[in-house]
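J.: Sequence:
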Amino acid sequence: MKTILNVIWLVLCGFWMALGYIAAGIICCILIITIPFGIASFRIAAYALWPFGRTVVRKPTAGVGSAIGNVIWLIFAGIWLAIGHITTGILLCLTIIGIPLGIASFKMIPVSLLPLGAEIVDTDGGGIYAPPPRQTAY
1343 MKTILNVIWL VLCGFWMALG YIAAGIICCI LIITIPFGIA SFRIAAYALW PFGRTVVRKP
1403 TAGVGSAIGN VIWLIFAGIW LAIGHITTGI LLCLTIIGIP LGIASFKMIP VSLLPLGAEI
1463 VDTDGGGIYA PPPRQTAY
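Start counting the sequence shown at 1343; every next residue gets the next number (the numbering used here).
FYI, nobody ran anything at the bench for these hints, they're computed from the structure.
Please read these numbers as outputs of a predicted model, since none were measured by experiment.
Cβ atoms here follow ideal geometry from the backbone N, Cα and C, with glycine treated the same way.
Accuracy of the hints is not assured; some may be wrong.
To be verified - Label pairs and their computed distance ranges (CB to CB):
| hint | residue 1 | residue 2 | range |
| --- | --- | --- | --- |
| 1 | I1432 | R1400 | 24 to 30 Å |
| 2 | I1372 | L1436 | 34 to 40 Å |
| 3 | I1462 | G1405 | 15 to 21 Å |
| 4 | M1343 | I1417 | 34 to 40 Å |
| 5 | I1425 | I1372 | 20 to 26 Å |
| 6 | G1405 | L1436 | 38 to 44 Å |
| 7 | C1371 | V1406 | 22 to 28 Å |
| 8 | P1442 | G1407 | 19 to 25 Å |
| 9 | G1407 | I1439 | 37 to 43 Å |
| 10 | V1353 | P1402 | 35 to 41 Å |
| 11 | R1400 | L1347 | 23 to 29 Å |
| 12 | C1371 | L1436 | 33 to 39 Å |
As the list claims (entries may be wrong) - Okay, derived cross-link-like pairs now, SDA-like style, lysine to any residue, Cα gap no bigger than 25 Å in a straight line:
| hint | residue 1 | residue 2 |
| --- | --- | --- |
| 13 | K1449 | I1374 |
| 14 | K1449 | I1462 |
| 15 | K1449 | I1414 |
| 16 | K1449 | D1464 |
| 17 | K1449 | V1463 |
Could you build the full structure based on these sequences and the hints that come with them?
T.: Set out below in structure tokens:
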């Protein structure tokens, strides 16, 4: 089922959303200081191409640098990419077949707004992400 949804997603909106992320990544890679934004954008572009079967989790080790970077990203690129996801999600939800795709587009809004400190991982088994067990120091 994931493959069918991914193929439909790719044809209807995944390709175009990925192009938006790739364009943002190329623009970010122009300056040395914004290369981390470009790398994050390229990671999200791959996720935008084939989202079903993967999920986004926050890294607990992300620090102040990620928070500051996310604010900069939000102002210059994140808001526009989020608007693209909102528009795409609304248009997809107009049809019954597109409702799961629209929901997937809405689920991509948080990572489009705050990409630094996030990791895209494969889902475990039945589509539920199980975080790794916590390690405690003795």
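J.: Has the hinted range 34 to 40 Å been met by the Cβ atoms of I1372 and L1436?
T.: holds, 37 Å
J.: Take a look at whether the Cβ-Cβ distance between I1425 and I1372 falls inside 20 to 26 Å.
T.: Holds, since I1425 and I1372 (Cβ atoms, about 23 Å apart) stay within the stated range.
J.: How does the Cβ-Cβ distance of I1432 and R1400 compare with 24 to 30 Å: does it lie in that range?
T.: Distance hint for I1432, R1400 holds at roughly 26 Å.
J.: For a C-alpha distance cap of 25 Å, please report whether K1449 and D1464 respect it.
T.: Roughly 15 Å between the alpha carbons, so the hint for K1449 and D1464 holds.
J.: Holds or violated: 34 to 40 Å for the Cβ distance of M1343 and I1417?
T.: Between M1343 and I1417, where Cβ atoms are some 38 Å apart, the hint holds.
J.: Lying within 38 to 44 Å: is that true of the beta-carbon distance G1405 to L1436?
T.: holds, 41 Å
J.: Do the alpha carbons of K1449 and I1374 lie within 25 Å of each other, as the hint requires?
T.: violated, 30 Å
J.: Would you mind confirming whether the straight-line C-alpha gap from K1449 to V1463 stays at or under 25 Å?
T.: holds, 14 Å
J.: Starting from the range 19 to 25 Å, see whether the pair P1442 and G1407 falls in it by beta-carbon distance.
T.: Cβ of P1442 to Cβ of G1407: about 36 Å, so the range 19 to 25 Å is violated.
J.: Quick check: does the Cβ-Cβ distance between C1371 and V1406 fall within 22 to 28 Å?
T.: Holds - the Cβ-Cβ distance for C1371 and V1406, about 23 Å, lies within 22 to 28 Å.
J.: With 33 to 39 Å as the target window, see if C1371 and L1436 comply at their CB atoms.
T.: Holds, at about 36 Å.
J.: Between the beta carbons of V1353 and P1402, is the distance compatible with 35 to 41 Å?
T.: holds, 36 Å
Of the hints listed earlier, those the structure fails to meet are numbers 8 and 13, in rising order.
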